[in-house]
Amino acid sequence: MATKQLYQTRPLECWGKAKAIREQYYRDYATAHERGGLRWAGGAWTFGAIPAGLGDDVWSITSEPYAASIAANKDFSMRCLEATERAGYARDLCSYMRNYWGSVILDEYLWGGEFPKPDFIWQDHICCSHAKWYQVVSDLEGGIPSFCIDVSVGPYETVNERKIDYLVGQMHDGIEWLEKVTGRKYDDEKLIQAVYNECRATAVWADVCTLNKAIPAPLEEKTMYSLYVLGTLMKHSKQVADFYEELRDEVRDRVADRIGAIPNEQCRLMSDTQPPWGFLSLFRYLEKYGAVSVGSLYTFGLIGVWEVKPDGTWGPRTTPQELGIEITDRDQALRILADWNLSKPEWQHFYSPHLKTDMMVRIAREWSLNGVMLHYNRGCEGLSLGIAENRLGLIEAGFPVMTFEGNMGDEREFDLTKTMARVDAFMETLGFKKEG
Amino acid sequence: MFDKLRDWERHRHDYAKDWKDRTGGKVVGYFCTYAPEEIMYAAGVLPVRILGSHEPQDVTEPHIFGMYCPFCRDCLAQGLKGRYDYLDGIMISQSCLHVRQAYTSWEKHIPVDFHYYLPMPAKVQTPRALPYLTGELAEFRKAIEEWTGRTISDKDLDKAIAVYNENRRLMRDIYDFRKNDKPPLTGQEAMEMVISSQMTDKAEHNEELKKILAGLPKRNSGREPGVRLMILGSEDDDIEFVNMVEKCGATFVVDDHCTGSRYFWNGVEPLENRLEAIARRYIDRVPCPSKDWEDRTRVQHIVDLAKAWNVSGAIVIQQKFCDPHELDIPAIRKALQGNGVKTLFLEFDVTVPLGQFKVRVEAFLEMLVEEDLFD
Amino acid sequence: MITAGIDMGSKTVKVVIIRDGEIIGKAKTLAGFEAGGAAEQAFAQALDEAGIAIDDVEAIVATGAGRKNAPYSTRDITEVGGDARGVIRLFPSARTVLDVGAEEGRAIRCTEDGKVLDFALNEKCAAGAGAFTESMSRALEVPVEELGPMSLKSTKSIPMNAQCAVFAESEVVTLVHLKTPKPDIARAVHDAIASRIVSLARKVGYEPDVVLIGGVAHNPGFVDSLERALECKVIIPENPEFIGAYGAALAAAEA
Amino acid sequence: MVEYWRWKEYRWHDESKDWRKGEFITAGVDVGSVSSQALVVVDGELYSFSNMRTGSDSPESARKAMAWALEGTGMTLDDIGFVVGTGYGRVNVPFSNKAITEIACHARGANYMYGSSVRTVLDMGGQDCKVIRCDEKGKVTAFAMNDKCAAGTGRGMEVFADLLAIPIEEVGELSLQVDEEPEPVSSTCVVFAKSEATGLLREGWPKSKVLAAYCSAMAHRIVTLLEQVGIEKEFAITGGIGKNIGVVKRLEDEIGIKALPPTYDTQIAGALGAALFAQNLLKKKLAEASKT
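Chains as they are written, first to last, in this note's numbering: chain D, 5 to 440; chain Y, 161 to 535; chain A, 651 to 905; chain E, 33 to 324.
To be clear, the hints were calculated from the coordinates, so they are not data collected in a lab.
What you are looking at is a predicted structure, and each value in this text was computed from that prediction instead of being measured.
Keep in mind that the hints are not guaranteed to be accurate.
BS3-like mimics (lysine-lysine), calculated; alpha carbons at most 27 Å apart, straight line [claimed, not checked]:
#1 78(D) x 241(E)
#2 718(A) x 8(D)
#3 319(Y) x 164(Y)
#4 171(E) x 130(E)
#5 130(E) x 518(Y)
#6 370(Y) x 315(Y)
#7 171(E) x 407(Y)
#8 239(E) x 281(E)
#9 718(A) x 806(A)
#10 268(Y) x 241(Y)
#11 718(A) x 241(E)
#12 323(E) x 53(E)
#13 661(A) x 422(D)
#14 21(D) x 217(D)
#15 315(Y) x 268(Y)
#16 661(A) x 239(E)
#17 832(A) x 518(Y)
#18 407(Y) x 317(E)
#19 502(Y) x 265(E)
#20 78(D) x 171(E)
#21 378(Y) x 339(Y)
#22 21(D) x 189(D)
#23 829(A) x 315(E)
#24 96(E) x 518(Y)
#25 339(Y) x 467(Y)
Only some residues are given here: those of chain A computed to face chain E with a beta carbon under 10 Å [said to hold, decoys possible]:
#26 661
#27 682
#28 683
#29 685
#30 792
#31 819
#32 822
#33 827
In this text, a Cβ means the ideal position worked out from N, Cα and C, and glycines have one as well.
Between the sequences and the hints, there should be enough to build the whole structure, so can you do that?
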């Protein structure tokens, strides 16, 4: 395909490292017991920094990215989904959950061997399925001690001491609970370091995304998925925080050298919600039109933590360490952790789609977008929440919107051909022609 | 005997409009039964529940993605069609994501004088929930006071609590009559009773309930009860369905619905801090599955109801796409079957295909009763 | 200038030949299993009607689901683009286009110069499309073309639950067994399809004038249900099923 | 135009038997959404039946079917002691004494046709698909029905027969004439499956291969339904699609259990069960009458 070369491109140098960290992560979890360590399971949003206080030999598996990896493996995914349906669970439930359960029911780990049963479950709860997900895992695994922290206290703009107390209170209870179920002594110093790391990792990721405001965009969303995922695995780890800094430096260089993610960028888009993981080729198809998805509230704001800068634009939230705050005890660490997480962009729309619309319009403006591609994702009731209102809001703000139905983890609910036909119509209305 | 309640249930909008004319008071629509009605009632506000109308509609497509439950879309449709145009305000007490969208779209597209989002804790099983909710209720009380321009005294709260507790007690007394071998009321009448309670001034509802309670012991429903059934699951105000089943030779004698027992099962226990007392009531109530974790406390409660009301079968219904219930139903069915209660599962939409459901229901009943069909 | 448009639909192929915007030839054939051949056949008929030879045609643009397999065409545009162009040329006052074909339902909002502002298509389920009426007519044992007029006799609206075209048959059968008059059932069927189309129309925020195109526009019963649900009249062009092809022919004249 | 989905209507009666010698004569009428059967049982033995397409007027369909079942037997309605109606139109059987659901009737019918060892009955009907678990008497212990989607029903198969212009009776056989099993069609929506198939034909797939793709998709959907209730041996299939070897074989392969070989026309199971129930009810009626 002959596309016109407007910009230089070059592969990301730290790409291989990202891949290695991810593979190591899943190996570490599976083999934790062999090394006398502990295994826990929980969501990508859970306060992973807290179990870190149990020691350096405690490994986690976060459910959403694990399920997404399953979804990318169509055959295994189908077996998982059907195993779950056989067990009597509804087909329209969260497809991450259904892939994950299937892997447990079949007792097969995506990377070979039996499914490594966790020693305990450490989850948080903002979407209706979060805590219930593990209630069922516990049913399936024959009872696993689990602790879930309710974080649904309302949008960040309304957060006050009482709301923080509610979270922090649960966190304190959670730490006592962790000591009880693991029989280990809790180390506050490790917690404090983990909190520093989480703030650093999540702010630096926001910094990386901010760099994508550049034209040409140094990163396209398909690549970003494989990078942001590390934050969903262990955002509280030094390893990930350090890697994101390395990544940021490389992306800075790309911006300086005007290196584009695609050679022919003429149309800048953003998506929304998780993509249909088995069909990322959809993003390649966009390139035929010189269209690049520069990100989404999902890739920016699920891990990234943001704030409005003095000049009114969006940028990484200033970390406690940057503010010169020294964390000296457990309670202070937990308060900072709670406040930091409650400001996470992807948590705001649970209370009102209009808060999400505002953030999306901001991205559309600051990242100079031509249009928006909304994935009406049947697989995730949490992130699809209010998406129809987001569509109305974006159109009202003057941004053309294309919607397509699909499912992040159930290929039976996504039709690539029909979706590409929609892209054709959308590009035609935006006035972009296919090349080659 | 239940005519008045049925009339209120059928003509809920007329009732509310008439109530406004009579009292000059404000009416607030609420979206989920976690709404602390006592606080609104104490300020002379009439809280009414927003429910759907079971008609096919095409007005919500631009606002709510079709993967969310038909109930939340049906609710929003009522607003978009102006059926609740008499509301002075709306409020929601955080429950499931689905119905939350009906609220947020309503707030944006249908002008109301007052709207309030109460972040009711999802983890009702943590002791941390009580002080937190008590504080949230204090803020809610403040908001209501500012809006109505009327301060809510402890005395007002006590009065409201008394009226609400009486309503709960009376409905439980009536539910007890359903334990009889020949229940003096049908499942349809029970459902109409509870829904009408969600639509009317409880003081007036209580008067009606007292009359009914006085008459029940002597009442002969004049129908064979047939198979004793329980109905449970998602929000359900599908009276047509209940009626269809009860025409097939069965009677619903108990339920676990937020349009039924779950709405009124427990009352407010008096405490010096009235708001704390109210908070405790909503934290301790029979939970919606979206709040029933880490432990599943509702399952045992349902089994206990099935035993106490001596049911031989249970119809487990679920609003299409209702995730919270979908996540509990396998465990509930297992528990019921384990206790010798057979279950029939049905998925509800805005309107249900009575023809197709009738076959399932009749086959289910054939399964439960020993007919002389076999040698 | 003479140009042509070929609409490779899922069920039928439509060809329109125009001279300076005026239709001089048109033809429709069943797509069958060999759509390419069907298109050549339709094209020949259209040339016939126009009384010209293929060499007289200066540019040919294809549209429709199967546009990639269209013969002769040098370029293609999407159904959305084709519909908008065709309708606006005929009715400059049109702001909303509803296209109901065999399997597709489409709503398009556009400007007076045919620019598409927003569009919505039916998703995984084919309800709200022509195929729906076909299976219903079989269940009712009433020919498709009689379904429309028949439903106009009804004044009663019965809700239909089923979305799935085929599954809805069993609902129709149930209604039949409940001795529901056929006209009422026919109307229920049309109301069901109309309500899905109106959902799409609301999604794009329809405004008058609303133009209805596609084969189903020939069905007066559906049109009645649609107008009731939209609460406004709809404009129907003379040859509603040819508008996509007409739009493609216009596009051919542009470039 | 030829309607390829139209399967052959027919009737049968046991000429070797003289019904006049019979003590208990009962009938079952199954008015289904697609087909109707009327069936007569004499002293617990199958005597005659008819199998025809349901018209849009179900009482009329019931009458027609009954009349045809009696044709040439000399028997009239008055000779029949008890009639049970079943199927979608069970309440519209004008001459019936009682209506019983097709779920109960199919279980009872299968118990007669295949013997008391049957524990799982799969009824693949015109508009719906049922999985029924039953005891040694043929009494239902659990059941599940497909919802909201016609894939996996006879109707869907008829749509395909029409599309491919192949008589419905030949569909199954033809679908087996493939060297290797193709990917199942992905669409669950029959309308889209149809256009998907059209696409495959346009790509030059032979009809047999397209049918194979559809039959295996259908079989797979049915298996997921079967698994909801759980399959226990013996396993029997009733209803129209039971005659479709293309679906049945793929289904058996997937669950790893062979269905009992059909001994009668699988479509009469419902009417047969109804007629057998009718006999018990007749005996009970007579017993009560003699008491008074």
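Here's how the hints hold up against the structure:
Annotation: proposed proximity of residue 78(D) to residue 241(E) holds, straight-line Cα distance about 23 Å (limit 27 Å). Taking the CA atoms of residue 718(A) and residue 8(D), the gap is about 23 Å. The hint holds against a cut of 27 Å. Taking the CA atoms of residue 319(Y) and residue 164(Y), the gap is about 25 Å. The hint holds against a cut of 27 Å. Only pairs whose Cα atoms come within 27 Å are accepted, and residue 171(E) paired with residue 130(E) is accepted, the gap being roughly 18 Å.
As the CA atoms of residue 130(E) and residue 518(Y) are separated by approximately 16 Å, the hinted pair is consistent with the 27 Å bound. Between residue 370(Y) and residue 315(Y) the CA atoms are separated by roughly 24 Å; this keeps the pair inside 27 Å, and the hint holds. The hinted pair formed by residue 171(E) and residue 407(Y) meets the criterion: a straight-line CA distance of about 23 Å does not exceed 27 Å. As the CA atoms of residue 239(E) and residue 281(E) are separated by approximately 18 Å, the hinted pair is consistent with the 27 Å bound.
Restraint check: the Cα-Cα separation between residue 718(A) and residue 806(A) comes to about 45 Å, which exceeds 27 Å; the hinted pair is violated. For the given pair, residue 268(Y) sits about 15 Å from residue 241(Y) by alpha-carbon distance, which is consistent with the 27 Å threshold. The hinted pair formed by residue 718(A) and residue 241(E) meets the criterion: a straight-line CA distance of about 24 Å does not exceed 27 Å. Between residue 323(E) and residue 53(E) the CA atoms are separated by roughly 25 Å; this keeps the pair inside 27 Å, and the hint holds.
Restraint check for residue 661(A) and residue 422(D): the C-alpha separation of about 17 Å stays at or below 27 Å, so the hint holds. With a C-alpha separation of about 24 Å, the suggested pairing of residue 21(D) with residue 217(D) holds against the 27 Å cut-off. A C-alpha spacing of about 35 Å is found between residue 315(Y) and residue 268(Y), which places the hinted pair above 27 Å, so the restraint is violated. Restraint check for residue 661(A) and residue 239(E): satisfied, since their Cα atoms lie roughly 18 Å apart, inside the 27 Å limit.
Simply put, residue 832(A) and residue 518(Y) have alpha-carbon atoms about 22 Å apart, close enough for the 27 Å limit, and the pair holds. For a cut-off of 27 Å, the pair hint linking residue 407(Y) to residue 317(E) stands: about 24 Å separates their Cα positions. For the proposed pair residue 502(Y) and residue 265(E), the alpha carbon gap of about 22 Å is at most 27 Å, so the pair holds. Straight-line distance between C-alpha atoms of residue 78(D) and residue 171(E) comes to about 41 Å, which puts the hinted pair past the 27 Å bound.
Between the alpha carbons of residue 378(Y) and residue 339(Y) the distance comes to roughly 15 Å, so the proposed pair stays at or under 27 Å and holds. The straight-line distance between the Cα atoms of residue 21(D) and residue 189(D) is roughly 33 Å, outside the 27 Å bound, and the hint therefore fails. Between residue 829(A) and residue 315(E), the direct Cα distance comes to roughly 33 Å. Violation of the 27 Å bound is thereby established for this hinted pair. The straight-line distance between the Cα atoms of residue 96(E) and residue 518(Y) is roughly 25 Å, inside the 27 Å bound, and the hint therefore holds.
About 10 Å separates the Cα atoms of residue 339(Y) and residue 467(Y), which keeps this hinted pair within 27 Å; it holds. With a least beta-carbon distance of about 8 Å to chain E, the hint placing residue 661(A) at the interface is held under the 10 Å criterion. Proximity of residue 682(A) to chain E holds as hinted, the smallest CB-CB distance being about 8 Å (cut-off 10 Å). Of the supplied interface hints, the one on residue 683(A) holds, with its beta-carbon coming within about 4 Å of a beta-carbon of chain E, less than 10 Å.
A hinted interface residue such as residue 685(A) counts as satisfied when its beta carbon comes closer than 10 Å to some beta carbon of chain E; here the least separation is about 6 Å, so the hint holds. For residue 792(A), the shortest C-beta to C-beta distance to chain E is roughly 8 Å, which falls under 10 Å, so the interface hint holds. Annotation: interface hint on residue 819(A) holds; nearest CB of chain E at approximately 6 Å, less than 10 Å. The restraint placing residue 822(A) at the interface with chain E holds, with a minimum CB-CB distance near 9 Å, inside the 10 Å limit.
Taken as an interface hint, residue 827(A) checks out: its beta carbon lies about 5 Å from the nearest beta carbon of chain E, inside 10 Å.
Of the numbered hints stated above, those contradicted by the structure are hints 9, 15, 20, 22, 23, listed in ascending order.
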